[in-house]
Amino acid sequence: MTVRVQTGDFDVGREMTAMRHGNPKIGAMACFVGVVRDLNEGANVAAMTLEHYPGMTEKALEKIVDEAKARWDIYDALVVHRVGTLKPTDQIVLVVVASAHRGEAFQACEFLMDYLKTRAPFWKKETTPKGGRWVDARTADDAAADRWS
Amino acid sequence: MKPDDSRIATIEVLYFARLREAFGRERERIELPGTVKDVGDLTAWLRSRGDTWAHELAPGKPVRVAVNQDMASADTVVVNGDEVAFFPPVTGG
Chain L
1 MTVRVQTGDF DVGREMTAMR HGNPKIGAMA CFVGVVRDLN EGANVAAMTL
51 EHYPGMTEKA LEKIVDEAKA RWDIYDALVV HRVGTLKPTD QIVLVVVASA
101 HRGEAFQACE FLMDYLKTRA PFWKKETTPK GGRWVDARTA DDAAADRWS
Chain S
150 MKPDDSRIAT IEVLYFARLR EAFGRERERI ELPGTVKDVG DLTAWLRSRG
200 DTWAHELAPG KPVRVAVNQD MASADTVVVN GDEVAFFPPV TGG
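These protein sequence lines are chains L and S, in that order.
Following my numbering from start to finish, the first sequence increments by one per residue and tops out at 149.
Following my numbering from start to finish, the second sequence increments by one per residue and tops out at 242.
In case anyone wonders, no lab produced these hints; they're calculated from the structure.
Just so you know, not all the hints are guaranteed correct.
Claimed, not checked - Cross-link-like lysine-lysine pairs, in silico, DSSO-like; alpha carbons within 27 angstroms at most:
no.	chain 1	residue 1	chain 2	residue 2
1	S	K210	S	K186
2	S	K210	L	K125
3	L	K87	L	K125
4	L	K130	S	K210
5	L	K59	L	K125
6	L	K59	S	K210
7	L	K125	L	K63
8	S	K186	L	K59
9	L	K63	L	K25
10	L	K87	L	K130
These figures come from a predicted structure and were not determined experimentally.
Given the sequences, and given the hints that come with them, work out the whole structure.
Written out as structure tokens, the structure reads:
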């Protein structure tokens, strides 16, 4: 179980290969990658800057991973979240889950993303033609997280 | 013994995202009067600075608070040496 917050990019294939390496019990891996879009709420987004709370963010992510492990029979989970300035088509976040069968992997992966979006201290600021704009929290994200409670 | 309301607690207060920009600072050390016992008291005390503080921390504004890096609520106790963070609802992922 690992969480990482970093400015640099990540290699999805390398992360997945590393997770399954040496564990022949793994029969399923689910992976989610979040990517920067060029359009949000009607404005063109030239760049996005992500801020976090060093210390608390890592603790919050670890707590979310622990909860996923308590709810589903999974072997391993990885969360990598980038911070700093990113551009459209850049990768923002990676979640990988390994389990014996696909059901647990799919569900735990979706749960991790839903909880991350509503509980981990990250904030996005978009650069648009009209200047900087802090992204507002979405009620749809709260509703997605509430499905699991 | 009677509680000593004159006691001074020193805490570290952090601000993130929109609040960091609005208040023009990312952290500050604050000496609190003994009358400030919890997060609700602290929020009201910061609000009493007026202007931007009163506006951004107005009742009903979506502001989250963490004490020692755990999510807190208005009745979470604040004591000497605590790290208290104020920030907007999170928008990662």
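Which of the listed hints are not met by the structure?
Violated hints: none at all, because every hint is consistent with the structure.
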